[in-house]
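Make a model of the complete structure from these sequences and hints.
Chains as they are written, first to last, in this note's numbering: chain P, 25 to 329; chain L, 5 to 122; chain F, 25 to 484.
Hints were generated in silico from the structure; no laboratory data involved.
Hints are supplied without guarantee of correctness; some may be wrong.
[What the hints assert, rightly or not] Quick list of the computed label-pair ranges, beta carbon to beta carbon:
(1) L/Pro106 <-> F/Glu418: 46 to 56 Å
(2) P/Asp88 <-> L/Asn28: 51 to 61 Å
(3) F/Pro468 <-> L/Asn17: 30 to 40 Å
(4) P/Glu261 <-> L/Asp118: 36 to 46 Å
[What the hints assert, rightly or not] Pairs of lysine-lysine, DSS-like flavour, derived with a Cα cap of 25 Å:
(5) L/Lys105 <-> P/Lys283
(6) P/Lys283 <-> L/Lys79
(7) P/Lys325 <-> L/Lys7
(8) L/Lys98 <-> P/Lys278
(9) L/Lys105 <-> P/Lys107
(10) L/Lys79 <-> P/Lys278
(11) F/Lys60 <-> F/Lys49
(12) F/Lys326 <-> F/Lys73
(13) P/Lys90 <-> F/Lys49
(14) P/Lys262 <-> L/Lys71
[Unchecked claim] Rough simulated footprint, nothing fancy, chain P against chain L, three-plus residues with beta-carbon under 8 Å:
(15) 55-64
(16) 84-92
Quick caveat: nothing in here was measured; it's all calculated off a predicted structure.
Positions of the beta carbon are idealized from the N, C-alpha and C atoms, including for glycine.
What follows is each chain in one-letter form.
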Amino acid sequence: MFKDILFGTSASPAGDYAARVAFELAGRFDAHLRLVHVLGVPSRGFSYLAEDVRTGEQVVIDDDYKAWVEEEIKTYYAKQLEKCNDYSIHVCVGHPHREILREARNSNPDLIVLGGPTEENEGSAYKKIVAGSTIQLVSKSALCPVLLVSRPAASFWGGISSVVFGADFSKASDAAFKFAKKVAASIPGCELHIFHAMDIGPVHTGLSLSQEEIEDKIREARKKIRHKYVANLEGFEKYSMEVWEGLPYVEIVKFAREKQADLIVMAYSTKDVDAENARLGSNMEQVIMRSTCPVISVNRKMAKN
Amino acid sequence: MPKKILVIDDDPNIADYLTTIFENNGYEVCSANDVNTGYEVAKAEKPDLVTLDLEMPTEWGPRFYRKLSQDDELKNIPVIVISALSGNQYAIQKAAATITKPFDRDELMKIVKDVLME
Amino acid sequence: MPEGTLCNKQTVDTKEYLNALLADKSGKQYYSEMEKLDVDTDKLWKSIKSTLRSRLRTWLEICAHCGMCADACFLYLANDRDPTQVPSYKIQSTLGEIVKRKGKVNNEFMRMVMDTAWSKCTCCCRCGSFCPFGIDMGIMFGYLRGLCFSQGFVPWELKIGSGMHRVYKAQMDVTVEDWVDTCEWMAEEYEDDWPGLAIPVDKENADIMYTVNAREPKHYPEDIAEAAILFHMAGENWTVPSKGWEETSLAMFAGDWGACKMQVEEVYGAMHRLKPKRMVVTECGHAYRATVIEGPYWAGLKDGRPPVESIHYVEWVAEALRTGKIKIDPAKKIKEPVTYQDSCNYIRNAGLKNVAREIMSYIAEDFREMTPNREHNFCCGGGGGFNGMGRYREQRNVGLKVKLDQILDTGAKLVISPCHNCWDAIRDMEEVYHAGIRWSFLKPLLIKMAIPPDHLKVEE
Numbered sequence: 025m026f027k028d029i030l031f032g033t034s035a036s037p038a039g040d041y042a043a044r045v046a047f048e049l050a051g052r053f054d055a056h057l058r059l060v061h062v063l064g065v066p067s068r069g070f071s072y073l074a075e076d077v078r079t080g081e082q083v084v085i086d087d088d089y090k091a092w093v094e095e096e097i098k099t100y101y102a103k104q105l106e107k108c109n110d111y112s113i114h115v116c117v118g119h120p121h122r123e124i125l126r127e128a129r130n131s132n133p134d135l136i137v138l139g140g141p142t143e144e145n146e147g148s149a150y151k152k153i154v155a156g157s158t159i160q161l162v163s164k165s166a167l168c169p170v171l172l173v174s175r176p177a178a179s180f181w182g183g184i185s186s187v188v189f190g191a192d193f194s195k196a197s198d199a200a201f202k203f204a205k206k207v208a209a210s211i212p213g214c215e216l217h218i219f220h221a222m223d224i225g226p227v228h229t230g231l232s233l234s235q236e237e238i239e240d241k242i243r244e245a246r247k248k249i250r251h252k253y254v255a256n257l258e259g260f261e262k263y264s265m266e267v268w269e270g271l272p273y274v275e276i277v278k279f280a281r282e283k284q285a286d287l288i289v290m291a292y293s294t295k296d297v298d299a300e301n302a303r304l305g306s307n308m309e310q311v312i313m314r315s316t317c318p319v320i321s322v323n324r325k326m327a328k329n
Numbered sequence: 005m006p007k008k009i010l011v012i013d014d015d016p017n018i019a020d021y022l023t024t025i026f027e028n029n030g031y032e033v034c035s036a037n038d039v040n041t042g043y044e045v046a047k048a049e050k051p052d053l054v055t056l057d058l059e060m061p062t063e064w065g066p067r068f069y070r071k072l073s074q075d076d077e078l079k080n081i082p083v084i085v086i087s088a089l090s091g092n093q094y095a096i097q098k099a100a101a102t103i104t105k106p107f108d109r110d111e112l113m114k115i116v117k118d119v120l121m122e
Numbered sequence: 025m026p027e028g029t030l031c032n033k034q035t036v037d038t039k040e041y042l043n044a045l046l047a048d049k050s051g052k053q054y055y056s057e058m059e060k061l062d063v064d065t066d067k068l069w070k071s072i073k074s075t076l077r078s079r080l081r082t083w084l085e086i087c088a089h090c091g092m093c094a095d096a097c098f099l100y101l102a103n104d105r106d107p108t109q110v111p112s113y114k115i116q117s118t119l120g121e122i123v124k125r126k127g128k129v130n131n132e133f134m135r136m137v138m139d140t141a142w143s144k145c146t147c148c149c150r151c152g153s154f155c156p157f158g159i160d161m162g163i164m165f166g167y168l169r170g171l172c173f174s175q176g177f178v179p180w181e182l183k184i185g186s187g188m189h190r191v192y193k194a195q196m197d198v199t200v201e202d203w204v205d206t207c208e209w210m211a212e213e214y215e216d217d218w219p220g221l222a223i224p225v226d227k228e229n230a231d232i233m234y235t236v237n238a239r240e241p242k243h244y245p246e247d248i249a250e251a252a253i254l255f256h257m258a259g260e261n262w263t264v265p266s267k268g269w270e271e272t273s274l275a276m277f278a279g280d281w282g283a284c285k286m287q288v289e290e291v292y293g294a295m296h297r298l299k300p301k302r303m304v305v306t307e308c309g310h311a312y313r314a315t316v317i318e319g320p321y322w323a324g325l326k327d328g329r330p331p332v333e334s335i336h337y338v339e340w341v342a343e344a345l346r347t348g349k350i351k352i353d354p355a356k357k358i359k360e361p362v363t364y365q366d367s368c369n370y371i372r373n374a375g376l377k378n379v380a381r382e383i384m385s386y387i388a389e390d391f392r393e394m395t396p397n398r399e400h401n402f403c404c405g406g407g408g409g410f411n412g413m414g415r416y417r418e419q420r421n422v423g424l425k426v427k428l429d430q431i432l433d434t435g436a437k438l439v440i441s442p443c444h445n446c447w448d449a450i451r452d453m454e455e456v457y458h459a460g461i462r463w464s465f466l467k468p469l470l471i472k473m474a475i476p477p478d479h480l481k482v483e484e
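And the structure:
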């Protein structure tokens, strides 16, 4: 299923849970693990200084410094690397999302693993505006699925055997379904749960739907799921479908927890990455921050492949 | 009749150590070194308590818990997570307790007794 | 005559030399070699005799020391009105002295001159508009930087910067292959959102040839994609050259006139090759000055104009909005208070002040002018290379305060800054002073506000 996994590492505790999943998956699928560390964001005009993302110091980046950082990464992940047969380390300078995408463009991995929203969204306005949210920007533009781990709770599954596919009926969602199905089909005994959360919006707006209207819409959604997805599940035994109403990110997190799912697959559907609002984040970011398992984001670009 | 504890851990040293402690405290102990065997043993032995490691070869601890909780006969057996991984208290939300390796034996026994409501 | 291996009077024309300079962390060895670097006084005087033309000579002589230039200088204001920051003093005590002594100056003096030329003047030329005689110290410091460079007294980063132009024909190590590949990449990355989006390379006879700042392909290629999206939306027939795409000139900041000529001829070469109707330069101030205003003279073009009509990005934006090539959704105009950073290099020194206001009238509901503004606006605090030199970081940070106060006084938290240097300075300002301001180029804002033509609408 996965032969080449790119892990965007911060080599710091912020990325520990994503690292756990990345190393585990690489071992499980016998994949090459590509540790990509973007060590600094260039600053100060055309100067050769960059801010080291780990230490926050202004450093002059040259080959010596890169080599030193590579050693630091090896030390930081010493325990995991001991058990990892096939890996490479890539240290680069730039804006994290851009350099991860650049490396992905060069190496064409079949999965990118990133830590979820972390402290990179905190701090100076600069980071919010310019860097935006690495996960949003990578998820939007990557040509392969992006697996995101934020909470420690999402890092203990060790493998995949119960996949929740969060359907939203977009074009990207079709691609996400194909991917979720492919994953589930490739793993013996793996369950696939198709789930749709019907957004009833914030209740306090006074625009709340009657329960009849809600249930009509749920019926409609179930019909859509049957036509769009279930019809494509021939020969597939372990699947289920559910539609719940509520706040989408809350419902999908609850559903996955209930199913003790070890993976959520969903579409990256936001066309406009609004960096200014990146802090609050999209529906998907909320799911990543709350979910008890890793979340894989699939964007519209993958609908073509 | 003594209460029965199932120890699931891939590290034989830990499994032996836990077994000894529990036996010395008057419990009956059975053990397994992976998730699948653990589930078989649980089905056969119907333990009163399971101690569960997280990171193990092939399948990790939370998968055992999933199987257990989907089995009507076993779903109410309390599980104590014993692991060295950071953040381990978040691994199994409905676990009765989480203990981080290395642990203090008295502390362990206190938690076990508490979970067994003794 | 002691010449260092890194710090010397040579220009940087090889990758080996460039890499050796880069390997010297923060220019430690470079600056220690500089302390022993001999001044070739004969060469210096000869060069002054042949290049110090009557205008500059007259300026040096007629300065009445009236002090009108003092308050014009943001560095004077930012440094508590330190008399040594008065522009006339700064130029008289450096260039004036060298001329007076007929070039007979020593190493220590030249180091003082270097520090003055690069840390006490950003060549913003504001003083020139307040001098009763029209003496422009910015122009004179530009000239002085050239003298310093020819003697090897130039800040480390700018020695590297001018070397980059010589070796890569760009201010950073972006090769032609890197550049073309980045264009392809950006078109691929955004074509889903914008059907038919392309970045045509080396298309002949296009209406527009677009040129950029090397930092865009190197670190934020989104900027190139955004330019492409806006051209695409406007239905422009445009292209980028594979060679001659870099319009900036750190060589100009360095005073390396030879490299300036090389760089600008690369761009003019692309104009001759591709024969576009016009050239549009990205949101960069000094690049416009280098390529459009000064460049023709470096290249020896007698009429003082680039080979094809060349306009700044803001001129293109104003035109596109005026003619309706790009339509702004009235509901998406900027509602919050917003101000505009007038870049010295294309506002004061190239007269584009009204174009900037025209743009703001189309996109902002609450536009707040800084005081002073337009041709009287202050330098962002990072111009002329000030942003990028480690040796003068503290002085630069002090200098930022004037612009920061100007911004805060408007009450706006958003600053539109269609100039790379200003953009960097304002970003650093936030990093140093935590004032809670945000800043942006025009492109991302325009894309958010524009109404895409029907054929570019994509279903989700």
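Going straight from one Cα to the other, do P/Lys325 and L/Lys7 come out at no more than 25 Å? violated (57 Å)
Hint consistency between L/Lys79 and P/Lys278 [alpha-carbon to alpha-carbon, up to 25 Å]: Judged against 25 Å, a Cα distance of about 19 Å means the pair holds.
CA of L/Lys105 to CA of P/Lys283, is that 25 Å or under? With a Cα-Cα distance of about 29 Å, the restraint between L/Lys105 and P/Lys283 is violated, given a limit of 25 Å.
Coverage claim, chain P over the stretch 84-92 of chain L, checked by counting residues with Cβ within 8 Å (three needed): Contact hint for the stretch 84-92 of chain L vs chain P: holds, 4 residues under 8 Å.
Would you mind confirming whether the straight-line C-alpha gap from L/Lys98 to P/Lys278 stays at or under 25 Å? Within the cut-off at roughly 14 Å; holds.
Within a Cα-Cα threshold of 25 Å, do P/Lys262 and L/Lys71 meet the stated pairing? holds (15 Å)
Whether the CB-CB distance between F/Pro468 and L/Asn17 falls inside 30 to 40 Å: violated (58 Å)
Should the hint that P/Glu261 and L/Asp118 are 36 to 46 Å apart at their CB atoms be regarded as holding? At roughly 42 Å between Cβ atoms, L/Asp118 and P/Glu261 fall inside 36 to 46 Å, so the hint holds.
Given the hinted pair L/Lys105 and P/Lys107, is their Cα-Cα distance within 25 Å? Cα-Cα ~21 Å, so holds.
Are P/Lys90 and F/Lys49 close enough, with their CA atoms no more than 25 Å apart? holds (13 Å)
In this structure, is the beta-carbon distance linking P/Asp88 and L/Asn28 contained in 51 to 61 Å? This hint holds: roughly 57 Å between Cβ atoms.
Agreement of F/Lys326 and F/Lys73 with the hint, judged by alpha carbon distance not exceeding 25 Å: holds (23 Å)
Hint check: violations occur at hints 3, 5, 7; the rest are consistent with the structure.
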